[in-house]
Amino acid sequence: AQRVTQPEKLLSVFKGAPVELKCNYSYSGSPELFWYVQYSRQRLQLLLRHISRESIKGFTADLNKGETSFHLKKPFAQEEDSAMYYCALSPGGYQKVTFGIGTKLQVIP
Amino acid sequence: NAGVMQNPRHLVRRRGQEARLRCSPMKGHSHVYWYRQLPEEGLKFMVYLQKENIIDESGMPKERFSAEFPKEGPSILRIQQVVRGDSAAYFCASSPPTSTYEQYFGPGTRLTVT
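Residue numbers (the working numbering), protein chains in the order written: chain L, -5 to 103; chain R, 334 to 447.
It is worth saying that the hints were derived from the structure and are not from the lab.
Beta carbons are placed, not taken as given, at the ideal position from N, Cα and C, and that holds for glycine.
There may be inaccurate statements among the hints.
Said to hold, decoys possible - Residues from chain L that face chain R, not an exhaustive set, calculated with beta carbons under 8 angstroms:
hint	residue
1	39
2	94
3	96
Said to hold, decoys possible - Here's a subset of chain R near chain L, in silico, CB distances under 8 angstroms, partners left out:
hint	residue
4	374
5	376
6	445
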């Protein structure tokens, strides 16, 4: 069975401070990992996926298979980063995507 | 492309009534997912459908809940005999057939049971 764990329900950081949103997963195969974001009063949307190895809005995430982690990082937090962040896992194919419970990021001005 | 549409956006039902939530996927998307979000909690998967086919309903409560995605028309999530505990935001997402991980979410339907 696949599982995604986001240990922090709420993460508060000051503007300009580094951000790390933690995500750990359990899955026996080679899954695809993603981060989704939901800004206030907006729809949930895909932020980034590990395969593309891209940086979106200054955020990056590295898949660590040894530690089964996919932490989301940004060196300098901005107020507009305040949102709900969900880590998600897909086994691939037509199987369902599993979401973590989400972490609310609060950037304090 | 208008994006994923959900209606109604807000739905109030009395205990015992039926609730019908609709989801129109993005054009060209043949896969639909329903999620429930309880207050102060994250997204919980409910059901995954393709046209006329339920792929995975492992997250659906055994009773009172059903979902369909007919050949024509929107996907429907149906809750019979609603109870207060059904009050939540229900989100629908759709994906293209070639990349089921890339889900596009609707704005959600907020169900309130009084």
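Verification of the supplied hints:
Given the 8 angstroms rule on beta carbons, the hint for residue 39 of chain L holds: about 7 angstroms separates it from the nearest Cβ of chain R. With 8 angstroms as the threshold, the beta carbon of residue 94 of chain L comes within range of chain R, its nearest partner Cβ sitting at about 6 angstroms, so the hint holds. The criterion of a C-beta within 8 angstroms of any C-beta in chain R is met by residue 96 of chain L, whose closest approach is roughly 4 angstroms, and the hint holds. The closest approach between the C-beta of residue 374 of chain R and any C-beta of chain L is roughly 6 angstroms, which is under the 8 angstroms cut-off, so the hint is satisfied.
Satisfaction of the interface hint for residue 376 of chain R is found here, the shortest Cβ-Cβ separation to chain L being roughly 5 angstroms, below the 8 angstroms cut-off. Taking 8 angstroms as the C-beta cut-off, the interface hint given for residue 445 of chain R is violated, the closest approach to chain L being about 18 angstroms.
Checked against the numbered hints given earlier, the structure breaks only hint 6 and satisfies all the rest.
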